[in-house]
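In case you want the letters, here they are:
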Amino acid sequence: MKMKPFGKKSLAMMLLSCMMLITAACGTSSGGQASGEDTANAEASASGGSSPVKVVWWHSMSGDVGKAAQQLVDEFNASHKDIVVQAEYQGTYDESLNKLKASLGSDSGPSLIQVYEIGSRFMIDTKAITPVQQFIDADQFDISSLEPNILNYYKFDDKLYSMPFNTSNPILYYNKDAFKAAGLDPEKPPATYAEVAEAAKKLTKQGQAGGSFAIYGWFMEQLLANQGAELLNNGNGRTSMATASQLNSDAAVKTLDWWKQMVDDKSLLNLGRKTDDTSKAFAAGQIAMTLDSTASLRSIVKAAGDKFEVGTAFLPKPDVATKGGVIVGGASNWILNNRPEAEQKAAWEFIKFLAEPKSQAEWHINTGYFPITTKAYDEQNVKDNMKQYPQFQTAVDQLHQTEPSLATQGAVMGVFPEARQLTETAIEEVLNNKKTSKQALDDAAKVITSKIEEYNKTVGH
Amino acid sequence: MTLPNPPRSRARAGAIPLKSLRVSRWKERLLAYCFLAPSLIVFGIFLFYPLGKSVYLSLFLTDPQGRIAEFVGTDNFKAILSSDQFCNSLWVTVKYILFTVPTGAAAALLLAALSHQKLRGMKIFRFIFSLPMAVSVGTGSVIWMILYHPTLSILNYGLSFLGIPAIQWLTDPKWALPSIAMMTVWLNLGFNYIVLLSGLQGVPDDLYESAKIDGSGSVRTFFRISLPLISPSLFFVGVVSIISAFQSFAQINILTKGGPMNSTDVLVYNIYQDAFINYRFGSGSAQALILFVLITTLTILQFKFGEKKVHYQ
Chain V
1 MKMKPFGKKS LAMMLLSCMM LITAACGTSS GGQASGEDTA NAEASASGGS
51 SPVKVVWWHS MSGDVGKAAQ QLVDEFNASH KDIVVQAEYQ GTYDESLNKL
101 KASLGSDSGP SLIQVYEIGS RFMIDTKAIT PVQQFIDADQ FDISSLEPNI
151 LNYYKFDDKL YSMPFNTSNP ILYYNKDAFK AAGLDPEKPP ATYAEVAEAA
201 KKLTKQGQAG GSFAIYGWFM EQLLANQGAE LLNNGNGRTS MATASQLNSD
251 AAVKTLDWWK QMVDDKSLLN LGRKTDDTSK AFAAGQIAMT LDSTASLRSI
301 VKAAGDKFEV GTAFLPKPDV ATKGGVIVGG ASNWILNNRP EAEQKAAWEF
351 IKFLAEPKSQ AEWHINTGYF PITTKAYDEQ NVKDNMKQYP QFQTAVDQLH
401 QTEPSLATQG AVMGVFPEAR QLTETAIEEV LNNKKTSKQA LDDAAKVITS
451 KIEEYNKTVG H
Chain X
1 MTLPNPPRSR ARAGAIPLKS LRVSRWKERL LAYCFLAPSL IVFGIFLFYP
51 LGKSVYLSLF LTDPQGRIAE FVGTDNFKAI LSSDQFCNSL WVTVKYILFT
101 VPTGAAAALL LAALSHQKLR GMKIFRFIFS LPMAVSVGTG SVIWMILYHP
151 TLSILNYGLS FLGIPAIQWL TDPKWALPSI AMMTVWLNLG FNYIVLLSGL
201 QGVPDDLYES AKIDGSGSVR TFFRISLPLI SPSLFFVGVV SIISAFQSFA
251 QINILTKGGP MNSTDVLVYN IYQDAFINYR FGSGSAQALI LFVLITTLTI
301 LQFKFGEKKV HYQ
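Protein chains in written order, with this note's numbering: chain V, 1 to 461; chain X, 1 to 313.
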């Protein structure tokens, strides 16, 4: 009987928690209404022109790069009185895309979202976006000054579905001082696989390994494109939907063998999957060479500081004569089609602003991403920056020397993020002596192919 | 709630006719269900509804946005049970349980036995030993991420003084799972320690005194008196640790993301990847159901066989 008062109390607690739940649920639904009103406002402003149109931009730029992005947004907002862009950092590209997936079919999504290049096929297949081409055509917007290699990547069926914003490619970073100490010519960085392996051996000594490449699927994709090998069938998924992975090509096996050989003779460290860890080791002088994105250039040069001079070189190839080039990495901005027309137009205005030579010049200098428009190179601040940091030139040259082909246009598939994961696991299996390069890549290609098939089945192609 | 009722009803039965007895019994039952209703609603919304939905989803294929695309019957289950990745995940999970549960309980028991002594300043030790409980999984993982860092690892720095070459804690497939297990043991130490210490403190002093009079040494006293008497606490720690080991996720997501070579890809992480990264809700739900069955069976088995060895006072 003593239970009774306690029971009452816990009942009250339960009722209270129930009420809290219900009110919480109500809270979100009223939130939904509020955003509905916002869009109504946006439409009203389009006709009446009273309050500014709000554009919500989801992006994945953090740290210094995030600050540079915010700076661009602030400049846009200051110069456009009728539009307010609200930039929201949504975590990494993966996280942001996952949030978008969860928000599709509801009103909680953004008006504009930055998606990494490998999410492009998925974005098109969602049918939830308005192709940027529509605005380009309607506006007679001149895209002739845009970097042709970048356009090549983002054009599907000769249409631009999204507008490229930040583009980068991988380069070889090396420690010039370590090169000197090892008797290598710091002005003549290794260009071929054999040269890299040889340099790595010479650079390896107590407390310093020749180099380290993060186990990052992107590097594998780039190393393949750099020798003209396609990752998928059907013209890398460009001529028609890809149905099979070609990850087990000879080019890939050769590349992985080369990588493994260096790990085996201890001239290359295996530091795991994060480029963050390799760049830290590079800055600490523990490794003398590393692969990383050009977007990290600024921070790597800063981290090396006065300790040593950072050199940059092209991504290595099996031999000099191999044809190929790098794929344009980075991300583009997509306009969602469930937003009112006025808001989509406002988002387009912001996209145009971001593509201006002046914005791109500023962006390039602050980050290391290269400008998407060739006109940016004429800006004085870009010229000055190139003089101060000649390392920036490498990325630009590498991009310009890339010969357009289906391989360098980049592979297109809906399950790209997953394929990358599987590739990374395959590399790990090889480096840790579980499988041979051929075996691991065969297995990975088989799994990726089955994932592609399943994807194609569910999107109805 | 219904247990104390019969005597009371019987007392009334003397005065009130049979029919109204039945009515009042019904009334009482109804009242009981009213009291239970709130928790039933909460369980219903957050447990039974999702469970039902999982069963439903496990029979379908979903498109990349997670929408239902096609009915596939039991194909998801067949595909999972025959896939290498699932077998690997299951094996990793078993290893992970073997690494964390016995060591975690043993370490906590050792600390509890040591700090059970009545000495000055023991409270400080007790405070320190239960401290990991106040650390969240996320914070703990970040701390250990730095300890395990491939090039800046403090643990490796310490090992270098002993002349041991650096260990790639999280990037070597041989070490990744033990490293995560080590971190988990530390993380769960606080909770296990508190449970076992309170168990030890519940052992009556007169038992120790009579043991002392009989000339039993401290080791013998521990194994013959303390250990059997705290077996309910040990059993509890065992059951809870196994369930929480099955459900470990955050430390793996932060430290290794299932890698390298899927060597830390425990079941829950595999489910997360399938359902929320690759948006295959069908196969994710099917795996979740298999995990549910596994945990339920294991817990029933533990209660059936393990509990027999437990000594309740």
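No lab work stands behind these hints, which were simulated from the structure alone. One or more of the hints may lead you astray.
Claimed, not checked - With a cut-off of at most 30 Å between alpha-carbon atoms, the simulated BS3-like pairs for lysine-lysine come out as follows:
(1) Lys101/V x Lys257/X
(2) Lys260/V x Lys257/X
(3) Lys19/X x Lys451/V
(4) Lys266/V x Lys53/X
(5) Lys435/V x Lys257/X
(6) Lys435/V x Lys95/X
(7) Lys67/V x Lys257/X
(8) Lys53/X x Lys457/V
(9) Lys53/X x Lys101/V
(10) Lys174/X x Lys254/V
(11) Lys438/V x Lys257/X
(12) Lys205/V x Lys180/V
(13) Lys159/V x Lys180/V
(14) Lys257/X x Lys274/V
(15) Lys53/X x Lys260/V
(16) Lys438/V x Lys53/X
(17) Lys435/V x Lys78/X
(18) Lys451/V x Lys304/X
(19) Lys174/X x Lys446/V
(20) Lys254/V x Lys78/X
(21) Lys95/X x Lys274/V
(22) Lys53/X x Lys99/V
(23) Lys174/X x Lys280/V
What the hints assert, rightly or not - Using C-beta positions, here's what the derived DEER-type ranges look like:
(24) Asp250/V x Trp91/X: 40 to 50 Å
(25) Trp186/X x Gln134/V: 53 to 63 Å
(26) Gln134/V x Trp91/X: 48 to 58 Å
(27) Gly44/X x Ala138/V: 28 to 38 Å
(28) Ala303/V x Ser218/X: 49 to 59 Å
(29) Lys180/V x Gly163/X: 55 to 65 Å
(30) Thr139/X x Glu75/V: 29 to 39 Å
(31) Thr243/V x Ile146/X: 41 to 51 Å
(32) Gln247/X x Gln134/V: 20 to 30 Å
(33) Asp265/V x Gly163/X: 48 to 58 Å
All figures in this text were calculated on a predicted structure; none of them were measured in a lab. All residues carry an ideal CB built from backbone N, CA and C; glycine is no exception.
Hints, one by one, checked against the model:
1. As the CA atoms of Lys101/V and Lys257/X are separated by approximately 21 Å, the hinted pair is consistent with the 30 Å bound.
2. For the hint pairing Lys260/V with Lys257/X, the CA-to-CA distance comes to about 23 Å; that is within 30 Å, so the pair holds.
3. Restraint check: the Cα-Cα separation between Lys19/X and Lys451/V comes to about 67 Å, which exceeds 30 Å; the hinted pair is violated.
4. Between Lys266/V and Lys53/X, the direct Cα distance comes to roughly 51 Å. Violation of the 30 Å bound is thereby established for this hinted pair.
5. Distance restraint check for Lys435/V and Lys257/X: the Cα-Cα separation of roughly 21 Å lies within the 30 Å cut-off, and the hinted pair is therefore satisfied.
6. For a cut-off of 30 Å, the pair hint linking Lys435/V to Lys95/X stands: about 22 Å separates their Cα positions.
7. Among the hinted pairs, Lys67/V with Lys257/X is consistent with the structure: their alpha-carbon atoms are about 28 Å apart, no more than 30 Å.
8. Proposed proximity of Lys53/X and Lys457/V is supported: the alpha carbons are some 23 Å apart, at most 30 Å.
9. Under the criterion of a C-alpha separation no larger than 30 Å, the hint pairing Lys53/X with Lys101/V is consistent with the structure, at around 19 Å.
10. For a cut-off of 30 Å, the pair hint linking Lys174/X to Lys254/V stands: about 26 Å separates their Cα positions.
11. Using a Cα cut-off of 30 Å, the hinted pair Lys438/V and Lys257/X holds, with the two alpha carbons roughly 25 Å apart.
12. With a C-alpha separation of about 14 Å, the suggested pairing of Lys205/V with Lys180/V holds against the 30 Å cut-off.
13. Between Lys159/V and Lys180/V the CA atoms are separated by roughly 49 Å; this puts the pair beyond 30 Å, and the hint is violated.
14. Restraint check for Lys257/X and Lys274/V: satisfied, since their Cα atoms lie roughly 11 Å apart, inside the 30 Å limit.
15. Taken as a hint, the Lys53/X and Lys260/V pair is broken in the structure, with Cα atoms around 46 Å apart against an allowance of 30 Å.
16. Restraint check: the Cα-Cα separation between Lys438/V and Lys53/X comes to about 42 Å, which exceeds 30 Å; the hinted pair is violated.
17. The hinted pair formed by Lys435/V and Lys78/X meets the criterion: a straight-line CA distance of about 27 Å does not exceed 30 Å.
18. The hinted pair formed by Lys451/V and Lys304/X fails the criterion: a straight-line CA distance of about 42 Å is larger than 30 Å.
19. Taken as a hint, the Lys174/X and Lys446/V pair is honoured in the structure, with Cα atoms around 26 Å apart against an allowance of 30 Å.
20. A distance of roughly 36 Å separates the Cα atoms of Lys254/V and Lys78/X; the hinted pair therefore is violated under the 30 Å criterion.
21. The suggested pairing of Lys95/X with Lys274/V holds, with an alpha-carbon distance near 26 Å, which does not exceed 30 Å.
22. The hinted pair formed by Lys53/X and Lys99/V meets the criterion: a straight-line CA distance of about 21 Å does not exceed 30 Å.
23. Using a Cα cut-off of 30 Å, the hinted pair Lys174/X and Lys280/V holds, with the two alpha carbons roughly 24 Å apart.
24. For Asp250/V and Trp91/X, the Cβ-Cβ distance of about 34 Å falls outside the hinted range of 40 to 50 Å, so the restraint is violated.
25. Range check, Trp186/X to Gln134/V: about 56 Å between beta-carbon atoms, so the 53 to 63 Å window is met.
26. Take Gln134/V and Trp91/X: their Cβ atoms lie about 52 Å apart, and the range 48 to 58 Å holds.
27. Distance hint for Gly44/X and Ala138/V: a CB-CB separation of about 52 Å, inconsistent with the stated range 28 to 38 Å.
28. For Ala303/V and Ser218/X, the hinted distance range of 49 to 59 Å is satisfied, since their beta carbons lie about 56 Å from each other.
29. Checking the proposed 55 to 65 Å range against Lys180/V and Gly163/X shows it is violated: the Cβ atoms sit about 32 Å from each other.
30. For the pair Thr139/X and Glu75/V, the supplied restraint of 29 to 39 Å holds, since their beta-carbon distance comes to about 38 Å.
31. Thr243/V and Ile146/X have their C-beta atoms about 44 Å apart, which keeps the hinted 41 to 51 Å range intact.
32. With their beta carbons about 48 Å apart, Gln247/X and Gln134/V fall outside the hinted range of 20 to 30 Å.
33. Taken as a hint, the range 48 to 58 Å is violated for the pair Asp265/V and Gly163/X, whose Cβ atoms sit roughly 23 Å apart.
Violated hints, listed in ascending order, are 3, 4, 13, 15, 16, 18, 20, 24, 27, 29, 32, 33; each of the other numbered hints is respected by the structure.
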